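Asks: Which chain is which? The protein sequence lines are B and V, in order.
Residue numbers for the first sequence follow the working numbering, so the first one is 1277 and each next one is one higher.
Residue numbers for the second sequence follow the working numbering, so the first one is 1277 and each next one is one higher.
Wrong hints could be hidden among the right ones.
To be verified - Straight-line C-alpha distance at most 27 Å; calculated DSSO-like pairs for lysine-lysine:
id	chain 1	residue 1	chain 2	residue 2
1	B	Lys-1311	V	Lys-1687
2	B	Lys-1629	V	Lys-1687
3	V	Lys-1290	B	Lys-1687
4	B	Lys-1334	B	Lys-1476
5	V	Lys-1311	B	Lys-1374
6	B	Lys-1334	V	Lys-1312
7	B	Lys-1666	V	Lys-1311
8	V	Lys-1290	B	Lys-1692
9	V	Lys-1687	V	Lys-1648
For the record, the hints were derived by calculation from the structure and aren't laboratory data.
Being a predicted model, the structure only gives us computed values, none of them experimental.
Protein chains: 2
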Amino acid sequence: MSKNNSNVSTEPYKGVRDFYPEDMAIQNHIFSVWKKTVEKFGFTEYNASILEPAELYKAKTSEEIVNEQTYTFTDRGDREVTLRPEMTPTVARMVAGKRRELGFPLRWYSIPNVFRYERPQRGRLREHWQLNVDMFGLGTTEADVELIAVAYEIMKNFGAKNSDFIIKVSSRKLMNAVFGTWYELDEAQSKALQRHMDKKAKMPEEVFYMEAEKIVGKPFEFLNLSHTSSQYEEAMAFPAIRQAKEELDLVISSLQARGVTNVEYDENIIRGFDYYTGTVFEVFDTDPANNRSLFGGGRYDNLMSLFGGESLPAFGFGMGDVTIRDFLDTHGLLPAQTSTTQIMICIMDVECKAYAEEVANELRTTGGADGKGTNVALNYSYKNISDQTKAARKLSIPQVVIIGEDEVKSKTYTIKDLAKTE
Amino acid sequence: MSKNNSNVSTEPYKGVRDFYPEDMAIQNHIFSVWKKTVEKFGFTEYNASILEPAELYKAKTSEEIVNEQTYTFTDRGDREVTLRPEMTPTVARMVAGKRRELGFPLRWYSIPNVFRYERPQRGRLREHWQLNVDMFGLGTTEADVELIAVAYEIMKNFGAKNSDFIIKVSSRKLMNAVFGTWYELDEAQSKALQRHMDKKAKMPEEVFYMEAEKIVGKPFEFLNLSHTSSQYEEAMAFPAIRQAKEELDLVISSLQARGVTNVEYDENIIRGFDYYTGTVFEVFDTDPANNRSLFGGGRYDNLMSLFGGESLPAFGFGMGDVTIRDFLDTHGLLPAQTSTTQIMICIMDVECKAYAEEVANELRTTGGADGKGTNVALNYSYKNISDQTKAARKLSIPQVVIIGEDEVKSKTYTIKDLAKTE
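Bound conformation, chain B alone:
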């Protein structure tokens, strides 16, 4: 791992990860749960390049991200190109590009790697992979409910219990109604307050309220919209607030009816991106040691207008590999370490090679628990049994077959479990 002046370093680029097989196995486990779950619900996979024209992000992504946090450079043909910081603009671009040929409601998913140029810290690397799940063409609460239910099913399929996480939902539509009618803010004030609220958790409470007062021009107090609140009836007299709140209540009650009992309304849920227009949600770890936002998403009905088309209802969420791996780790839900290779065949000397290859061929074709073939590595090092077995252990291969003179003569072999012969 050392680096000196004459040698090239073996370290990866700052803030990105190497995936050695043991890490890759975890990554593949996470991807596999993601794929199986969303495909069960009829989502199909798409993908695109990590290279996107920079203009794609300039209109709708939050300014902070585009200006300060993307990898953007000019190519030799003088094109400004960005390493995608998120997948939503890409999927909107692709849907807009083939809108007439696609069938709706459209259910799409992808597992892209995305890039942010920021100071590396826990759970915030410069590159991470992110499941993206989106439904296009359905503007009703059924889409909101299904997408949040899919997010819930993924957590369950990872082995999480309802008590391990909580789904907090809110609504941009409701927030805008409250901003416009209750707080009586204009558009610029609304936007400023929204961004300020998004950073609430990052500052002391008194700083939050002081700053909020500056924005709204009067002492700021959250509108409490729980059904038991004294403000509830008064707020419901505003049609825009009433309609948005009823819609959100329907999303929550529909989820609860499906067994998603760990869901609640939380007016603090904003989500960073500007493009959300309706229901937004965020999933939190309930473990006090890891009590943070895991992932989220929401409705974005206007992103298509970026490409000049008619607006198209859309709801989506993204779920990052780093955060989910931390969650699985914290809750003891990571799978046990094994290699995709089941058996190493240790060949004792070159005279045994032909029979060893015969055995390998047989095991690859008809071996394994289901008799459909298993994964076999041949060890051609011709070292002694102890050295070859040691190599198998280092490679996390669980079983060995030793082919020596006796096996060649008798044309028989035994599969040995390394855990049992330790």
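Place chain V on chain B using the hints.
Replies: The following block gives chain V in isolation, referenced to the frame of chain B:
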């Protein structure tokens, strides 16, 4: 697909591809054959970031590639970073970084996307995915034979026949022996001739020989090393040539003994990268309409020295998705188009929703040919049957279940095959 001044374009960045579900399905088919085949032979998966320190490529990749063909830029922390143009330097870096902890012989594979900044043309995009298969720690011909056999098995598992492709092998060691002893060239001349030979197919024959004569300082004539050649005995008198040729003959005969009959020696096989040290191979399509190199690889025993470690024998090959897709297309080997979603449930009105969701749940859990659950999309658009069925066809979903008043009353449903109801 149009672009005007006010709207953002729906086109991807120049020279890269969007993968709509129908393309993704083909991509997933290719990846799946790759993974299954190499895992059968005991190779395990690794990965790394596309971002690498630029210094990694400056020592061993061909100069043309580093200087003219990579995406290299300076990040905001003044680090020079390159989008990996190939995976071999990365895998060498990773092996060097954990050499003591890894078990050898080490079999690794990865399916990275790699980037080249070049004029887009057929089969040469700016981004493509590439299976990389490498074995470390075995310097004998068994490694050469196994890796070439794995490449052969992949082609067979794609459905190719032996007559569809030919594996041409050569040897850098043999070439160096011939250059040094037969042509009597010094190192600079050898390198120049090697690079010149690598471009042989790109120029008229007389230009090739004229230029070669300039390099070697006398009329240039290929040394014919086939066993029937008049030069054969004379060349074999040089021990370096003899040893290298015998090694290469052993690789070829071992492959033939395994059923790989479409393999032959071809002294024109060079491979572009400087780091090869022994056997090199290249697989060609035999179809006259698509008669070109599909992929290749070879032995590179000295790459570890880049990181200051002891040399470590290595043999690897890479296989690109674009080229292999062209090959499968040319030979009629692409899989039939289907979605990962098996059934769309068409819901006739909102009153039928609860039962439709019940049916979806049942099919997801116990449906499908094996009774282990199938992939189901619910259509909540509440449009008429004809519209919903049309959407299913556009989405390439092969079956529908219609849930209307009758189905809700009788609590029964029928799975209809769309192909049969057309």
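Asks: Would you mind marking each hint as holding or not holding in the structure?
Replies: Results for each hint:
{"no.": "1", "hint": "B:Lys-1311 x V:Lys-1687", "in the structure": "31 Å, violated"}
{"no.": "2", "hint": "B:Lys-1629 x V:Lys-1687", "in the structure": "62 Å, violated"}
{"no.": "3", "hint": "V:Lys-1290 x B:Lys-1687", "in the structure": "59 Å, violated"}
{"no.": "4", "hint": "B:Lys-1334 x B:Lys-1476", "in the structure": "25 Å, holds"}
{"no.": "5", "hint": "V:Lys-1311 x B:Lys-1374", "in the structure": "31 Å, violated"}
{"no.": "6", "hint": "B:Lys-1334 x V:Lys-1312", "in the structure": "42 Å, violated"}
{"no.": "7", "hint": "B:Lys-1666 x V:Lys-1311", "in the structure": "26 Å, holds"}
{"no.": "8", "hint": "V:Lys-1290 x B:Lys-1692", "in the structure": "54 Å, violated"}
{"no.": "9", "hint": "V:Lys-1687 x V:Lys-1648", "in the structure": "22 Å, holds"}
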